[in-house]
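Engineer: According to the numbering used here, the stretch in the sequence shown is residues 337 to 640, in order.
Just so you know, the hints here were simulated from the structure itself, not pulled from any lab data. Watch out, some of these pointers could steer you wrong.
What the hints assert, rightly or not - With a Cα cut of at most 25 Å, we get these calculated SDA-like pairs of lysine to any residue:
| no. | residue 1 | residue 2 |
| --- | --- | --- |
| 1 | Lys440 | Ser503 |
| 2 | Lys440 | Arg507 |
| 3 | Lys440 | Thr545 |
| 4 | Lys490 | Arg508 |
| 5 | Lys440 | Met423 |
| 6 | Lys490 | Glu480 |
| 7 | Lys440 | Asp462 |
| 8 | Lys490 | Pro424 |
| 9 | Lys440 | Gln386 |
| 10 | Lys490 | Ala437 |
| 11 | Lys490 | Gly473 |
| 12 | Lys440 | Asp404 |
| 13 | Lys490 | Arg533 |
| 14 | Lys440 | Asp420 |
| 15 | Lys440 | Thr416 |
| 16 | Lys490 | Asp538 |
| 17 | Lys440 | Ala401 |
| 18 | Lys490 | Arg448 |
| 19 | Lys440 | Ala471 |
| 20 | Lys440 | Ile452 |
| 21 | Lys440 | Val451 |
| 22 | Lys440 | Asn502 |
| 23 | Lys440 | Ala511 |
| 24 | Lys440 | Pro424 |
| 25 | Lys490 | Thr456 |
| 26 | Lys440 | Ile546 |
| 27 | Lys440 | Leu450 |
| 28 | Lys440 | Pro403 |
| 29 | Lys490 | Asp474 |
| 30 | Lys490 | Trp504 |
| 31 | Lys490 | Asn502 |
| 32 | Lys490 | Arg438 |
| 33 | Lys440 | Asn527 |
| 34 | Lys440 | Ser510 |
| 35 | Lys490 | Pro403 |
| 36 | Lys490 | Met423 |
| 37 | Lys440 | Thr454 |
| 38 | Lys440 | Lys490 |
| 39 | Lys440 | Asp474 |
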Amino acid sequence: MRENTLENLPTGVTLLTAAESRSPEIRYALSQGVLVRGAPVAPRVVMPAQLAEDPRAWVCAVHCAEPDLPVAGRAALWSTRGLDPTMPVHVFSPGPRRSTARVKYIRTTLPRDLVIGTNTGSCTVDEISVILCAALGDLETACEVIREGWVTRKTLAEAASMLPNNSWLGRRSSAILADLAGNPWSVAELNLHRLLRRAGIDGWTGNPTIYLGDGLSRTPDVALVEHGIIIEVNSVEFHSGAEALERETRRVSDFMRAGWTVVTLTPSMITQDPDGVLDLIRSQMAPQRIRTSRRDQCRWGEDR
Numbered sequence: 337m338r339e340n341t342l343e344n345l346p347t348g349v350t351l352l353t354a355a356e357s358r359s360p361e362i363r364y365a366l367s368q369g370v371l372v373r374g375a376p377v378a379p380r381v382v383m384p385a386q387l388a389e390d391p392r393a394w395v396c397a398v399h400c401a402e403p404d405l406p407v408a409g410r411a412a413l414w415s416t417r418g419l420d421p422t423m424p425v426h427v428f429s430p431g432p433r434r435s436t437a438r439v440k441y442i443r444t445t446l447p448r449d450l451v452i453g454t455n456t457g458s459c460t461v462d463e464i465s466v467i468l469c470a471a472l473g474d475l476e477t478a479c480e481v482i483r484e485g486w487v488t489r490k491t492l493a494e495a496a497s498m499l500p501n502n503s504w505l506g507r508r509s510s511a512i513l514a515d516l517a518g519n520p521w522s523v524a525e526l527n528l529h530r531l532l533r534r535a536g537i538d539g540w541t542g543n544p545t546i547y548l549g550d551g552l553s554r555t556p557d558v559a560l561v562e563h564g565i566i567i568e569v570n571s572v573e574f575h576s577g578a579e580a581l582e583r584e585t586r587r588v589s590d591f592m593r594a595g596w597t598v599v600t601l602t603p604s605m606i607t608q609d610p611d612g613v614l615d616l617i618r619s620q621m622a623p624q625r626i627r628t629s630r631r632d633q634c635r636w637g638e639d640r
C-alpha cells in the first residue's frame with residue numbers, strides 16, 4: 337500500500353493495488369465499516385471510517401488517485417498555506433467527472449504556470465485559489481489571503497489573464513478582480529468598498545500605509561486622502577477584548593493627532609444602514625460650513 341505519512345496529513349488514506357483491493361482483509365474491513373472507499377472520486381483509495389468527513393482526507397484521496405489533477409480553492413490553500421480546508425474539496429479537471437458532496441470537479445484546463453506541486457500532488461497557485469473562493473462566495477477566505485499578503489492586485493490580475501477565456505472561472509474573473517481591487521482585508525471592508533463604488537465616491541484607498549511622522553505609520557481600513565478622512569470598520573472578530581480596545585483607541589488617537597478625521601463604522605451599520613453610512617461619510621467630506629450648520633442643529637439638555 338502507498339500511504340501518505342506526512343505529519344500534517346491524516347494517516348490511513350491509502351491507494352490500493354489491484355491485488356490489495358481484492359484481498360479478504362480489505363473486503364472484510366469495508367463490510368464492517370472500519371474502512372470506506374473513496375469511490376467514485378478515487379475507487380482504489382480507502383480510508384478509516386472516522387476520516388470520511390475530514391476534508392483533508394479527501395484532498396489526500398484525490399492526490400493519491402490522480403496527483404496531476406490540481407485541487408483548488410480552500411483545499412489548495414491548506415496545501416500551500418496551512419488554512420483549514422472545508423468540504424466540498426474543489427478539483428480542476430480537463431474532462432467531465434462525477435462530483436459528490438465531498439469532492440466537486442470544475443471542468444477547466446489550467447496552464448502549467450497556474451499549478452504547483454506539493455509533496456502529495458498538484459494544487460492551484462494562491463491567486464487562482466482566491467479567485468475561485470470569491471467565485472464560490474467564500475469571501476472570508478479571499479480577504480484573509482489578501483490580508484496576509486500572499487497575493488496582490490498585480491499577481492491576481494496576472495493569474496486571471498492566463499485563465500481560458502471560455503472557462504467558467506475565466507468568464508467571471510474580471511468582475512471578481514474589480515470586486516477585490518480595493519484591497520479588502522475583511523468581508524466588512526469589502527462591503528464598504530462596494531457601497532462606496534455604488535455611491536460614486538472615489539479617491540479612496542483600502543489599507544494603505546500612512547506615515548504620521550516621528551517614525552510612526554498606521555494602516556487604516558480606508559483612506560480618503562484628498563479629504564483627510566480615515567474610515568475604520570470595527571468588528572467583534574478583530575476588535576473585541578481589552579487589548580483590542582486599547583490598540584484601536586490608540587490608532588484613532590494617532591490619526592486624529594496627525595490631523596485626520598476618523599469615521600468609525602461597524603459591519604452591521606454598513607449592511608443594515610447603508611444610506612446612513614453614506615450620509616455620515618459625505619458629511620465629513622462636505623465643506624466646514626455645512627458641518628458647522630449640522631452642529632448648530634444639536635441640542636443640549638440642562639444639567640440636573
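Engineer: Check the structure against each numbered hint from earlier and tell me which ones fail, lowest number first.
Structural biologist: Those not satisfied are hints 3, 8, 10, 25, 26, 32, 33, 35, 36, 38.
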